[in-house]
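Under our numbering, the letters of the sequence shown match residues 1 to 205, in that order.
Derived by calculation from the structure, the hints in this document are not laboratory data.
Owing to the predicted nature of the structure, the values given are computational and were not obtained by experimental measurement.
Note that beta-carbon positions come from the ideal geometry of N, C-alpha and C, so glycine has one too.
Treat the hints loosely; a few may be bogus.
What the hints assert, rightly or not - DSBU-like mimics (lysine-lysine), calculated; alpha carbons at most 30 Å apart, straight line:
1) Lys194 - Lys150
2) Lys118 - Lys176
3) Lys38 - Lys75
4) Lys38 - Lys93
5) Lys150 - Lys75
6) Lys150 - Lys93
7) Lys51 - Lys118
8) Lys93 - Lys75
9) Lys93 - Lys194
10) Lys87 - Lys194
11) Lys75 - Lys169
12) Lys75 - Lys194
13) Lys16 - Lys118
14) Lys38 - Lys150
As the list claims (entries may be wrong) - Distance ranges between label pairs, derived from CB positions:
15) Gln120 - Leu71: 36 to 46 Å
16) Asp20 - Asp55: 36 to 46 Å
17) Thr149 - Leu116: 31 to 41 Å
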Amino acid sequence: TLFRSIYGENRGDVDKFTEDYCGYIDCNTLRAGYPEGKRASESLCQAYIQKYGIDVVIPRISRTFGPTMLLSDSKASSQFIMNAVHKENIVLKSAGTQLYSYAYVADIASALLFLLVKGQTGEAYNVSNEHCDITLRTFAETLANVAGTKVIHGEATAQEKQGFSKATKALLDNQKIYALGWRPLFDSMEEPLKHTIKILEGSGN
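Please take these sequences and the hints and turn them into a complete structure.
So, in structure tokens, the structure goes:
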């Protein structure tokens, strides 16, 4: 699986990334190796298809959330979820205007299994749920509403800021996988977040 980071930054010319979109990546940054590594991985996939005839289908998955996450995960969305599980106020360390595609982990898993059967060799497919295309602030506010807490603002450390994604708008167009017949389970952001919190609470985390 590959991730939405492969697209780089939106150049401002599209609303959503289709599979043939190529955005901007500043190679001279600490974080550049991550998206560049994703692009190199896809190139290797194509090389192995041509050389050895390997059957490779490439899912490009959106930002994933759910109860299977590592409890030590440092991503903002994961920290928000753990805040909600512990009934703590959710700490937003930016303006939260970043607009991203998210998807529940069960939807991602079903899409991967679907593409193993229905996907075409050598093709890339965005995996996202348009009902979960929201800003980071809305993600935090939805969780706070579910948990009965509040969103508060905090200051990010210099180290945390270095790890922030530069993308301010990264929405995935899912029409290609939809054309094959796949659909996500949930048609809202609130329901899968409720499932996530309930499962994590039940596991004693």
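Results of checking the hints against the structure:
no., hint, result
1, Lys194 - Lys150, "holds (16 Å)"
2, Lys118 - Lys176, "holds (12 Å)"
3, Lys38 - Lys75, "holds (19 Å)"
4, Lys38 - Lys93, "holds (27 Å)"
5, Lys150 - Lys75, "holds (19 Å)"
6, Lys150 - Lys93, "holds (14 Å)"
7, Lys51 - Lys118, "holds (23 Å)"
8, Lys93 - Lys75, "holds (11 Å)"
9, Lys93 - Lys194, "holds (23 Å)"
10, Lys87 - Lys194, "holds (13 Å)"
11, Lys75 - Lys169, "holds (17 Å)"
12, Lys75 - Lys194, "holds (19 Å)"
13, Lys16 - Lys118, "holds (23 Å)"
14, Lys38 - Lys150, "violated (36 Å)"
15, Gln120 - Leu71: 36 to 46 Å, "holds (37 Å)"
16, Asp20 - Asp55: 36 to 46 Å, "violated (21 Å)"
17, Thr149 - Leu116: 31 to 41 Å, "holds (39 Å)"
Consistency note: the structure conflicts with the earlier hints numbered 14, 16.
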